[in-house]
Amino acid sequence: MPRPNLLILLADQFRHDCAGYRGIRPVSTPNLDALAAESAVFTRAFTPLPVCAPVRQSLMNGLHPVSFGAQWNYDFFMTPTAQPTGHTWAEQLRAAGYRGGYIGKWHISPTYGPRDFGYTDVIDMADYKRFQKEHYPDAQFGGGWLGCTSPIPLEGSLTHHMADKACDLLREYAASGDSWHMWLDLGIPHLPCQPSEPFASMYNPEDIEPWAGFGDEFHFKPYCQKQQMLNWRQENMTWADYAPMVARYFGMISQLDDAFGKLLRTLKEAGQWENTIIVFTSDHGDMCGSHQMLDKHYVLFEDNTRIPLCVKAPGYGPYQTDSFAAGCLDITRTIFDLMGLETPEVLHGERLPLCAQEDTHPRNYITSTSNGQQFGLYTNRMIRDGRYKYIWNLTDIDEFYDLETDPGEKVNLICNEQQAPRIAEMRKALYEQLKAYSDPFATRDWVTAQLLEGRKHTDRA
63 MPRPNLLILL
73 ADQFRHDCAG
83 YRGIRPVSTP
93 NLDALAAESA
103 VFTRAFTPLP
113 VCAPVRQSLM
123 NGLHPVSFGA
133 QWNYDFFMTP
143 TAQPTGHTWA
153 EQLRAAGYRG
163 GYIGKWHISP
173 TYGPRDFGYT
183 DVIDMADYKR
193 FQKEHYPDAQ
203 FGGGWLGCTS
213 PIPLEGSLTH
223 HMADKACDLL
233 REYAASGDSW
243 HMWLDLGIPH
253 LPCQPSEPFA
263 SMYNPEDIEP
273 WAGFGDEFHF
283 KPYCQKQQML
293 NWRQENMTWA
303 DYAPMVARYF
313 GMISQLDDAF
323 GKLLRTLKEA
333 GQWENTIIVF
343 TSDHGDMCGS
353 HQMLDKHYVL
363 FEDNTRIPLC
373 VKAPGYGPYQ
383 TDSFAAGCLD
393 ITRTIFDLMG
403 LETPEVLHGE
413 RLPLCAQEDT
423 HPRNYITSTS
433 NGQQFGLYTN
443 RMIRDGRYKY
453 IWNLTDIDEF
463 YDLETDPGEK
473 VNLICNEQQA
483 PRIAEMRKAL
493 YEQLKAYSDP
503 FATRDWVTAQ
513 LLEGRKHTDR
523 A
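When we follow our numbering, the leftmost residue of the sequence shown carries the number 63, and every step to the right adds one.
Worth flagging that the hints you see were computed from the coordinates, not collected in a lab.
Hints are supplied without guarantee of correctness; some may be wrong.
Claimed, not checked - With a straight-line cut-off of 25 Å between C-alpha atoms, the simulated DMTMM-like cross-links for lysine to aspartate or glutamate are: (1) Lys-191 - Asp-320; (2) Lys-324 - Glu-487; (3) Lys-191 - Glu-217; (4) Lys-518 - Asp-468; (5) Lys-472 - Glu-487; (6) Lys-227 - Glu-153.
Claimed, not checked - Pair ranges (Cβ atoms, derived): (7) Glu-331 - Ala-482: 57 to 65 Å; (8) Glu-515 - Asp-384: 30 to 38 Å; (9) Asp-507 - Tyr-198: 54 to 62 Å; (10) Asp-384 - Glu-331: 50 to 58 Å; (11) Glu-407 - Asp-468: 36 to 44 Å.
Just so you know, even glycine gets a beta-carbon here, dropped at the ideal spot from N, CA and C.
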């Protein structure tokens with residue numbers, strides 16, 4: 063059997079509950095639904111850190127972002143970034159004779175580009191900017207961060223222009239007979255959402271129900287949560303104000319799905335479908351009005367930490383699991399394994415179970431990390447089991463939620479005496495997880511006592 067090809071479809075700020083195949087929100091994603099029907103689908107996948115660049119760096123090197131200093135986007139305050147070492151999976155594939163195409167958003171390093179990591183063909187966002195300037199020089203976008211309808215027709219949109227470029231490259235690869243891998247990253251549906259027609263008017267704002275987290279009164283919550291709402295000037299917004307933005311977010315997802323569909327159809331037409339590993343996921347989710355917030359910073363709610371993930375691989379049939387998956391970390395280890403590459407000595411993820419026979423040792427917990435950004439740095443660490451979530455806040459009140467009775471995470475139970483034993487247990491489990499990832503805060507006795515000895519106060523006087 064020929065060597066497998068690899069296609070990565072990476073979305074940006076795609077909420078897990080907005081993939082049509084999940085059946086949670088009425089968002090149309092027929093192409094992703096068809097892909098999921100042939101894939102291993104992970105319904106409880108989480109990002110290790112809900113910020114754009116750290117996730118992309120971890121997807122390349124397989125290390126937890128905090129282990130190499132990627133606390134936030136490097137173009138905010140400069141932080142260490144992923145570097146080519148000769149041992150990343152992309153570099154190993156190049157050494158093995160693979161052609162590699164990188165199309166779209168590059169947010170892995172300000173110093174090294176895709177070719178430094180082994181890619182042979184690069185089509186970046188500058189390509190689209192030149193195209194737009196030439197063909198739509200008078201295009202104007204309004205609405206600020208809440209978005210607007212794009213004045214650019216669908217065929218000239220970012221999603222479809224870049225998908226067309228990816229299709230052309232894929233056809234070239236197929237005609238050459240070379241083994242290949244491709245990473246398509248369109249930076250969508252990252253706000254501001256600016257869908258083209260017909261997707262801009264596909265969803266009626268009046269039909270969209272509020273998120274479970276909407277209407278949070280921030281009672282007994284960390285200071286920064288209500289402050290986030292004030293920073294974005296949203297304190298007077300109602301759901302009627304948010305719903306049009308959410309409708310555009312849904313429309314942008316459907317437009318992205320349509321663009322992905324062009325590439326997936328080309329893959330089949332080129333006779334490459336059966337021998338290609340396809341990974342679809344997102345770097346993180348999006349608050350999108352939940353808890354009266356936008357974007358993803360400061361908090362570790364399900365809205366921004368939980369992501370879609372499905373993997374189609376030759377030799378495997380459809381499978382669905384609620385076993386926890388650590389997003390980019392598990393994807394990277396799985397790529398090394400499925401592509402038959404030399405696995406680096408240190409990887410922080412686990413092999414994704416692609417069938418029931420492999421799904422025999424699920425994690426008891428999953429974690430996610432936040433360090434704040436944009437409006438100030440603010441350290442949080444989350445651990446979650448099948449029902450409960452604990453969030454360690456080093457400089458403010460901790461959070462504890464019963465996701466079964468409070469799926470919107472609006473009622474903080476950190477002072478509930480009945481939950482005290484479970485909170486103590488989850489704090490210790492979080493400490494062990496942080497140590498495994500070389501989290502710098504797991505090595506400081508003066509703060510780890512918060513986890514190991516419960517040295518946290520809840521006074522708000």
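| query | Checked against the structure, which of the hints given earlier come out wrong? | reply | 2 and 10
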